[in-house]
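Asker: So the chains spell out like this:
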Amino acid sequence: MSDEQLCARIKKADASALEEIYDRYASLVFSIAIRLVRDTQLAEEVVQDVFTKVWITDSYHSELGPFDRWISVIARRSAIDCLRKTMRVLDIADSDLVYGDRTTSDSKVPTLDDQLKTMEFHRDLQQVLPKLKNEERLIIEWAYFEGWTLSAIADRLNMPLGTVKTRLHHALRVLRASLSGWEREGEL
Amino acid sequence: MKHRLPNEGSCEEWVGWLMGDMTDDEMQSFVDHVRECRDCSIALSTYGELNMQLSLPLIRVEPPQSLKQKTLSMALSKRPDNHIKPSVPSWRHRLLRPIAAWQTMTITALAVVFGIVLGSHLGNLPLPATMLHSPSFIKQMEFRPGQFEPSASGQVMLVHHGKAVELIVLAHHLWSIPANCSYSVWTIHGKDHHLAGVLQLDAKGNGVLTALLPATSPFSAVGISYEPSRHDTKPKGPTVLKASISNL
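Line by line, the protein sequences give chains Y and H.
Mapped onto my numbering, the consecutive letters of the first sequence carry residue numbers 1 to 188.
Mapped onto my numbering, the consecutive letters of the second sequence carry residue numbers 1 to 248.
There is no bait here: all hints are sound.
Keeping only pairs whose Cα atoms sit at most 20 Å apart, straight-line, the calculated EDC-like set for lysine to aspartate or glutamate is: (1) Y:11 with H:24; (2) H:78 with Y:58; (3) H:68 with Y:23; (4) H:68 with Y:44; (5) Y:53 with H:25; (6) H:70 with Y:44; (7) H:68 with Y:20; (8) H:68 with Y:14; (9) Y:85 with H:25; (10) H:68 with Y:39; (11) Y:53 with H:26; (12) H:78 with Y:45; (13) H:70 with Y:14; (14) H:78 with Y:44; (15) H:70 with Y:23; (16) H:70 with Y:20; (17) H:139 with Y:124; (18) H:68 with Y:68; (19) Y:53 with H:24; (20) Y:53 with Y:3; (21) H:70 with Y:39.
It should be emphasised that the hints constitute simulated quantities derived from the structure, not laboratory data.
All chains, full assembly: derive it from the sequences and hints.
Answerer: Below is the structure:
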């Protein structure tokens, strides 16, 4: 059953559809969250928030792309909100070992294909990032790896928000043109 | 070299959407916008997958299984149309079904081995200086066994993510040990030992640990010791494996 079909069932209050969506995407959401909030407990709060939104709101629309991309954006947004609420400064000095429990037998492991795909992507990314202009590389790193908002990046770089968006757009364009082979078949 | 793709337009509203940089109202407005805006529609198709991959860490992290019940319960309790009877509880039963530990370990180990091979491959390449500061810079090293378990072997990998270092440890041919004992992993700086975590073992003597460490705390080696108490915060048992590898 497709994600879109499950979403249609969720709109009809079918809890088993929510469970199926959770099984498919909890790992994705948790991974995105923990990368940004760097705290297991906060990441769990993000997961709860995201799937509650999936259940109680009608915010997924196919015009926004496939469901996995949509929920990735929602996860990222929820994680940034979580950081704002906790006024958390991204300094992990006091939060080491946040991954300490992640290989316990109490948790499921993503498919090997998922892992390999992500690793392959990061390997290629390492080779492509240096091709970006320094400012664009910083925007990518701060936005994706440090969890900064575009407004915060604009302040830090002392440039208008629109310029940050344009630089990010250009950086994504370069990355997309340089990275190949990891995207799913049948896409642009 | 121009990278502009065909059909790309000038509207960049989609950037704020992809970055999650919108309020609830703005997000709802964006749905209406994207229905009308060809630029944004094309951009979401073009960059959506890349955006998702950039958002993911090197290794996919699984939430604790107990989170599923908490999350589903919270969501179900908040939906206003509770008069509709949810078709629940298959998950209540499935939660009780244990996951085979060997499956967990095998998949994790394969993923880690792939990462180590990858790290080895990258280690043979001349790395640009800028890469040293980019996320996901990888170092890897083979462990050397101590006299306590001379048949043990393993690899350690460090993945640099800006201010953080991800430590990935994989060990093989370990003895089975009592439940209250552990194979503890330490980062070592001079005479200082910092507990990074405890290996998770499978029935075949393979052990895995992943941990996120602050890059600001230097270390020059990673060691694994056999500890009579898994709660010890200082190494008391014999060294099983050790590798010289710096996080700097």
